[in-house]
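**Student:** Sequence:
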Amino acid sequence: MNSPLRRSTLTIVLCFIVALIEGFDLQAAGTAAAGLRQTFALDPKMMGWVFSAGIIGLLPGAFFGGWIADRIGRKKILVSAVLLFGVFSLSTAYVESFSGLLLVRFMTGLGLGAALPNLIALCAEAASERHRGLAISVMYAGVPLGGALAAVVAMFTSEHWQTTFIIGGLVPLLVAPLMILLLPESSAFKQQTSADSVRHSSATALFGEGRARTTLALWLGYFFTLTVMYMLLNWLPSLLIGQGFSKPQAGMVQMLFNIGGALGSLLGGLLLDRCNGIKVVLFVYSGLLAALAGVGRSVSYRWPLQGLRPGCLSSPRSWCCMRWPRRPTRPRYAPPVWVLQ
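Per the working numbering, residue 8 is the first one in the sequence shown, and the count goes up by one each step.
Don't read these hints as lab results, they were simulated from the structure.
Estimated spans, in silico, between C-beta atoms of each pair:
hint, residue 1, residue 2, range
1, Trp56, Leu177, 21 to 29 Å
2, Ser59, Gly249, 17 to 25 Å
3, Ile79, Thr234, 27 to 35 Å
4, Lys52, Ser293, 32 to 40 Å
5, Leu296, Thr221, 17 to 25 Å
In this text the structure is predicted, and so the values were computed from the model without any measurement.
Even glycine gets a Cβ: it sits at the ideal position worked out from N, Cα and C.
Sequences are here, hints too, so could you generate the full structure?
**Tutor:** Take a look at the structure:
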């Protein structure tokens, strides 16, 4: 495994697997919403708190996970994050109170948040400049594919919502030892920590060398993109069931949404490696607006393929991250951390 190409390939493959698990756990609460609501007698406001608890956990998780990783290593933090969200996702299946449910969802979000910037950084540092966009898009395709798997599991276990969280907890706990054995630490990180005495501040990485306008634009666009995406991921199954769709039908729409997201992520990586990035993003956001308008007008199950359209165009989340690897290695956590939140 000494070949740089083999090391890079192994890093990207393992990061893809973690992203797959991450996507599964990110959407577990949304796909299991009907069961959670019935078991804990939750009204819509309480359901909103359940969804929000995980999202709120993402912020400190991403910040501290990235910040600490730049000091002790990305591999250590990524493995710890996988163990953290694995334990608390599994705990979700056995919690017995609403307050306990909020706690385990927050802790799950903490682990998920800590994993995200390190997945991006490891893939960015493993890939060559020429293929960096594609490498990150391949890794990020695992997130919606994991969400699609969560939807499939929910379709076949609709009466046993705990199964989704048991799977979402056990799999990362099984994968973590493989990561300890096989995942290489970032070579760029090791070179930076051992040979480079110049420490770049996070502010310089974000705003230096004429990057201020780009950074602010990405923050703004990404904030609103993630707002829409998290609303769809968490509320789409419940809203569809409320409109009269059956649970399998709602699961099918959710699955198509995520498959579309994976295809969009791959397409976005290819386009960004070959075309002008600004034009690509403008094109995608135009399509996203049209797709969301179409979903809003969907009133029957003959429209489940509408779930594919916004999913295909939801990939700005990964496209924004593709621009960050040009920053210095030391503070690289800062751009994905702030963009992700």
